[in-house]
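A.B. asks: The chain contents come next:
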Amino acid sequence: MKLNPISLTSRGAAVALLVTLAACSQQPQKQDSHCELTPTNNVDRLFAEVADKLRDRSCHYSYPEYREHLLSAARGSPGAANEARFAGLLRQSIDQGVISQRQGQELFSQYFDAEFYVVKAEPRSNCSSLRKKEQLYAAMREELAYKREGMLDILGDENRFRQAQQHYSDLHQVFDAVEVACGQAL
Amino acid sequence: MKKSNLIINKRAAAVTLGWALFLTQSLAEAVPHPARETRPKINLFPTSVVESLSETSRAARDMESSMYEVVAKLDKQKQAYESTHCENSEDTGCVQLRKAIRGSYKEMLDVMQASIPEMRSTLDTTANSMGTSLRSEIGRKMTPGDVQRILAGRNASSQAVPPFNANPARQGKLSKMFSRYYELVKRGGRQADALPVLASQIYLDSMQSMYYLDLIEAEIGSQSTELVLELEWGELTDQISATVTEVKALLWGETDRSEDILEVGLETVSQQDTYSDLLVK
Chain A
1 MKLNPISLTS
11 RGAAVALLVT
21 LAACSQQPQK
31 QDSHCELTPT
41 NNVDRLFAEV
51 ADKLRDRSCH
61 YSYPEYREHL
71 LSAARGSPGA
81 ANEARFAGLL
91 RQSIDQGVIS
101 QRQGQELFSQ
111 YFDAEFYVVK
121 AEPRSNCSSL
131 RKKEQLYAAM
141 REELAYKREG
151 MLDILGDENR
161 FRQAQQHYSD
171 LHQVFDAVEV
181 ACGQAL
Chain B
187 MKKSNLIINK
197 RAAAVTLGWA
207 LFLTQSLAEA
217 VPHPARETRP
227 KINLFPTSVV
237 ESLSETSRAA
247 RDMESSMYEV
257 VAKLDKQKQA
267 YESTHCENSE
277 DTGCVQLRKA
287 IRGSYKEMLD
297 VMQASIPEMR
307 STLDTTANSM
317 GTSLRSEIGR
327 KMTPGDVQRI
337 LAGRNASSQA
347 VPPFNANPAR
357 QGKLSKMFSR
367 YYELVKRGGR
377 QADALPVLAS
387 QIYLDSMQSM
397 YYLDLIEAEI
407 GSQSTELVLE
417 LEWGELTDQI
427 SATVTEVKAL
437 LWGETDRSED
447 ILEVGLETVS
457 QQDTYSDLLV
467 K
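If you read the protein sequences in the order shown, they are chains A and B. The first sequence: position 165 = 165 (our numbering), numbered continuously. To convert, take the position in the second sequence, counting from 1, and add 186; that gives our numbering.
Hints were generated in silico from the structure; no laboratory data involved. A virtual CB, placed ideally from N, CA and C, is assigned to each residue, including glycine. The hints are all genuine.
Under the rule of at most 27 Å between Cα atoms (straight-line distance), these lysine-lysine pairs were calculated in the DSSO-like manner:
id, chain 1, residue 1, chain 2, residue 2
1, B, K259, B, K434
2, A, K133, B, K467
3, B, K434, B, K264
4, B, K327, A, K132
5, B, K259, B, K292
6, B, K434, B, K292
7, B, K327, B, K372
8, B, K285, B, K259
9, A, K132, B, K467
10, B, K327, A, K133
11, B, K327, B, K467
12, B, K285, B, K264
Which chain A residues stay away from chain B? Per the calculated CB distances, all over 10 Å, these:
id, residue
13, E36
14, A48
15, D56
Pairwise CB distance ranges, derived in the manner of DEER restraints:
id, chain 1, residue 1, chain 2, residue 2, range
16, A, R102, B, R326, 21 to 31 Å
17, B, E237, A, A81, 51 to 61 Å
18, A, D153, B, N229, 39 to 49 Å
All chains, full assembly: derive it from the sequences and hints.
C.D. replies: Spelled out as structure tokens, the structure:
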């Protein structure tokens with residue numbers, strides 16, 4: 001039985017192509033599986049696993065997914081201890097350079113601080129910043145939703161969420177009045 | 187020789203002065219300071235604001251006192267009119283009752299018309315001085331974050347606020363609202379954290395009251411003219427009844443929400459020292 005050299009060459013090329021394709025497709029798969037989290041409902045185990053994965057720089061890109069996993073797991077097991085878990089992980093993330101100090105503060109404040117990060121982050125005077133009051137209010141509403149998730153769903157801390165709501169309404173009241181007062185001077 | 191001595195003396199003096207400055211500074215650092223007030227200081231209620239609040243409260247009380255009798259008379263006449271089924275009747279008694287109601291109504295409008303200018307003037311003064319305070323102290327000197335910092339420090343001060351003893355004497359909505367504001371401002375030093383909220387409420391309420399006073403005054407003006415010209419109003423009592431109800435709501439309020447003021451800004455906030463590194467100051 002004779003083998004056609006052309007057919008042999010083309011078969012060889014096809015095999016080589018397949019091997020290359022397989023190699024290309026396997027490379028990212030290997031990375032993904034390496035950074036993937038083991039499915040679990042145990043919050044402590046999940047936090048420990050994320051902390052462990054984040055020691056590997058190649059898993060830093062999975063940080064947003066990890067965050068979603070952790071939030072979801074914490075929602076399923078609400079309690080005061082979740083605050084320390086998130087704080088610990090954020091501190092580690094800052095230390096390892098996964099996120100900046102500012103990003104860490106923003107994340108923590110948005111979910112667990114009764115005060116509003118978006119309000120603290122506004123550098124201009126009230127008369128200037130309240131010219132875009134509606135944007136500020138929209139950002140505050142969005143942050144209040146994060147606080148609801150963080151304080152009610154994750155910590156189960158109704159009192160703290162009430163404080164956030166009180167802040168929200170007090171700030172609205174003051175900003176409304178100051179905006180009118182600033183406008184009267186024009 | 188003398189010149190070099192002079193230079194040495196100057197150097198010695200400079201070194202001594204330097205050391206003295208250093209020591210003074212070190213001593214100043216070493217002396218424990220009382221807890222430093224990190225929150226911005228504001229003066230939202232200068233004397234002029236407190237005085238105008240007191241004046242507004244008095245003017246509102248005067249207006250309500252002068253209105254009370256005539257509104258009560260109108261209420262009685264209205265009840266008699268309804269209970270005798272005078273509606274659409276041309277009976278002499280009913281016609282006379284309608285005239286009496288018209289007269290009382292005109293009297294009420296006159297009293298209101300006489301009171302409104304003073305009321306509006308004091309409200310205008312309060313709104314202006316409060317607006318100036320808010321603009322200069324909060325609007326221009328502070329950022330939104332500063333406001334939040336002040337509100338967040340309310341915990342310690344709110345405990346020092348004594349419960350407000352409501353005056354058992356009858357007080358109308360406007361006068362009650364402003365006298366409460368006046369009382370709260372008078373003892374405001376103790377609850378400085380809630381003051382921006384209080385100032386904002388006073389300002390917005392003053393502006394809103396002025397707006398309604400203008401509307402009522404315009405309405406009174408047109409109705410008085412019609413009464414003077416003795417135009418036919420059809421079923422007069424309907425309009426009278428509606429206006430009286432509105433005036434009563436403005437002066438005494440259908441539902442008195444002035445109690446709510448006391449709750450504003452007095453909630454407690456706990457410190458989260460444990461996570462201070464993750465919180466923005």
